[in-house]
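K.L.:
Line by line, the protein sequences give chains A and B.
87 is the number of the first residue of the first sequence in this note's numbering; add one for each residue after it.
4 is the number of the first residue of the second sequence in this note's numbering; add one for each residue after it.
There could be a bad hint or two in this list.
[Unchecked claim] Straight-line distance between alpha carbons at most 27 Å, and here's what the computed DSSO-like set of lysine-lysine pairs gives:
hint, chain 1, residue 1, chain 2, residue 2
1, A, 362, A, 339
2, A, 445, A, 371
3, B, 397, A, 445
4, A, 396, A, 361
5, A, 362, A, 445
6, A, 494, B, 47
[As the list claims (entries may be wrong)] Chain A stretches covered by chain B per the calculated footprint, using a threshold of three residues with CB under 8 Å from any CB of chain B:
hint, region
7, 156-169
8, 482-494
[Stated by the list, open to error] Now the in silico label distances, taken between C-beta atoms and shown as ranges:
hint, chain 1, residue 1, chain 2, residue 2, range
9, B, 400, A, 368, 39 to 47 Å
10, B, 304, A, 451, 28 to 36 Å
11, B, 395, A, 368, 47 to 55 Å
12, A, 465, B, 61, 40 to 48 Å
13, B, 153, A, 399, 53 to 61 Å
What the hints contain is simulated information worked out from the structure, not anything from laboratory work.
Glycine included, each C-beta is placed from N, C-alpha and C at the ideal position.
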Amino acid sequence: MLGWEFPPFISGGLGTACYGLTRAMSKLGAEIVFILPRDVEGAEGTHVRMTGPMAVTRAAAGSAYRLREFTNVVFRTVGSGLSPYQTPQTYQEQLRRLEAEHWTTQELSEEFARLGRSAEHYGADLFTEVQRYARLATVIARDETFDVVHAHDWMTFAAGMAVSATTGRPLVVHVHSTEFDRSGEHVNQRIYDLERQGLQAAAHVIAVSHLTRQIIINRYAVPAEKVSVVYNAVDMDGRPLDTQRARIRRDEKIVLFLGRITMQKGPEYFLAAAKKVLEVMDNVKFIMAGTGDMIRRTIELAAEMGIGHKVLFTGFLRGEDVDKIFGMADLFVMPSVSEPFGLVPLEALRNDVPVIISKQSGIAEVLTHALKVDFWDINEMANKILAVLRHPPLQATLREHGNFEVRKFSWEDSGRRCLEIYEALLAPV
Amino acid sequence: MASVCFYFQVHQPFRLRRYSIFDSHANYFDDFNNAQVCRKVAYKSYLPANRLMLRLIEQFRGRFRIAYSLTGTVLDQFELYCPEVMSTLHALAQTGCVEFLCETSHHSLSFLYSREEFTQQVRRHQQRIQELFGQKPRVFRNTELIYNNDLARFVEELGFEGIMCEGADHVLGYRSPNYVYRPAGTGRIKLLMKNYRLSDDIAFRFGRRDWAEWPLTAPKFAQWVSEVNGNGYTVNLFMDYETLGEHQWEDTGIFEFLSHLPAEVFKHKDNDFKTPSEVMGTYEAVGEIDVPHMISWADTERDLSAWLGNAMQSNALYELYRMEKQVKQTREAQILEDWRRLQTSDHFYYMCTKWFSDGDVHKYFNPYDSPYDSYINFMNVLDNLRSRCRGILKPAVESAAAQHVTS
């Protein structure tokens, strides 16, 4: 499997999905070689910073390992600057930072010498890095035996194709998002080409929702029978419904937005709805938890709208902080412009927070105990927000039924579906 | 001697328009949608069925007899959107073979919340039926056959001679719904209980090809009716009138079935058709039926859970009836009528979350995407009604206070 760094070292759904899926499949008995890029300096926001020679040793030591929870999985890391949600611009920034701060050419060469390759720097741009990663992955793959190659999202597609070609094993490509979701209609042509190449070369394509499946069929010219839907899920961790939520007794209601502050997630619609809500009801605070390329613009927008004092920005949250913020929220809103699936509403419901989700999301296909709204319909969004805040019975019913419903989303089912797809591919024709 | 006792329920609610918190007008009801639905059902069901009934009544020279219960809201809608139906109803009334029952004018759950409102609705409806069809109703049915001992006692005091309820197994036990009973705690009033097996055979199973008894022919059904002989006096077939043509589409053969049924029933010499009053007049009560807790004819549970199963529903109903005093104090006819239309049980039916995740019968005529949307919509409308009341009452209070000061 060509995947991504697990929680808590990640920023977003991709890592969470890889974690959930891999864990479930491991429990079902599948043996997995999990290759992932690891920028040893640490993904954005990690607390641990490695310096100097220790970094190389750690890279050498951490190159292949196992985790106790994942009995059937071997992890192989590849030193690479790739991380989820990168764009060509953010990659350049990261590269500059890496080269300036900790890695010297010497250290890079040593690492790659260990991998049996001649000295190579990190790729000068994102696409070169993607190709470099593909080559490194192939080197690792040659040491392993496996039946299927499973690649998650476009940055691993080149690696997936390379491994598949050199080993002759079928490629399954897992689409968690498309360039159209991430960038609207202004797609990056090279990224689109890579996605398309991967989708065409794959023996089978897995989409996280019917919404995404349709995009794949319509925009990437992939035949419908080649695409299956396997929904993402959420871990309940054995939590029962918390009927006696220890709530912070306060007069103010809190409406939460949690996710990357980027165009795809619709932060400006959240603020527009917030403004309408505040016209009717005063004791509400809106919290935007997360960061992203639109964070500065969003903070400015809140101020311009005159609601700056009612909107709080927490920055990027992880781990316990996420649970804490859910504990405080009366309502969670996901006004995504185009969401292939949407894991956060499930996490919200797991934390007993009722949700309002955009109809333009994959999860709206499967979640019934949630309020749904078109992302652009800020009047209706405000209408629904106000209804939840003003009518405790509505909030209670949504919470209870939602929490119960979220239990049907299990990673076991998703994992099983993936294994079925593998079997179908490997069955003698 | 087995009598077939048909009673058809005719009802349409005034559905709400999409109403958000930002709306402030007083046009709560979706006239366009309501008109469309009313006409559609009229053409598919009510009109062809009425014509069929008229034909059968004429054909059998008075031996074919049936009963209807029409809600005030559906009568309003016929007058507004579909007067042709009214003329067929008048024709039916004039045959003398049709009995009209009484119920709450607005198909409401008012008995559960306000006896005063309940009485007002029942009296108004009784009067209306008398004015329209020249008959004063003597038999009562409550909304969705919601029933218990208290209701029976109350309705007896209102002067009714008969009342209907669901022949629920947990109430009947080993007994059969094919007899006339007396409600516990009453003296005179008689109880007719729906034979749900035979009623649902027509109302639900008729068109289903996977049913063991499909196709249900008139001779077969008449045979089942005849088998009641010696084991009961009346076969109470209570159902929605929309069964004929809407729930069971014309191509299932439902109209053919009904048109042949009287002849087949009459082939068995001991059988006939009686209206509810005639059944009660002919047969004595054979025993007492004790229903301390509310039952209904809805869903498999036959209880109140379709309208009062979750917090939203009970909250909405509570808030609605809490406004009664205010609404009546305004003395504004339009406000009163709006408030009454909001009492129609359908609004709360739409908020049911019982089997929301699986598609089911609740969704059939549900104009909302989800029960939550229906609750939000309803509460927004209620808010507006409340402010309209306040707007009228507050100046009155203020001027009264001012007068008090100056005098």
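K.L.:
Now, for every hint given, state plainly whether the structure supports it.
P.N.:
Against the structure, the hints:
no. : hint                      : result
1   : A:362 / A:339             : holds, 15 Å
2   : A:445 / A:371             : holds, 24 Å
3   : B:397 / A:445             : violated, 42 Å
4   : A:396 / A:361             : holds, 9 Å
5   : A:362 / A:445             : holds, 20 Å
6   : A:494 / B:47              : violated, 41 Å
7   : 156-169                   : violated (count 0)
8   : 482-494                   : holds (count 5)
9   : B:400 / A:368: 39 to 47 Å : violated, 26 Å
10  : B:304 / A:451: 28 to 36 Å : holds, 30 Å
11  : B:395 / A:368: 47 to 55 Å : violated, 27 Å
12  : A:465 / B:61: 40 to 48 Å  : violated, 56 Å
13  : B:153 / A:399: 53 to 61 Å : holds, 58 Å
Hint compliance for this structure: hints 3, 6, 7, 9, 11, 12 are not met, and every other hint is.
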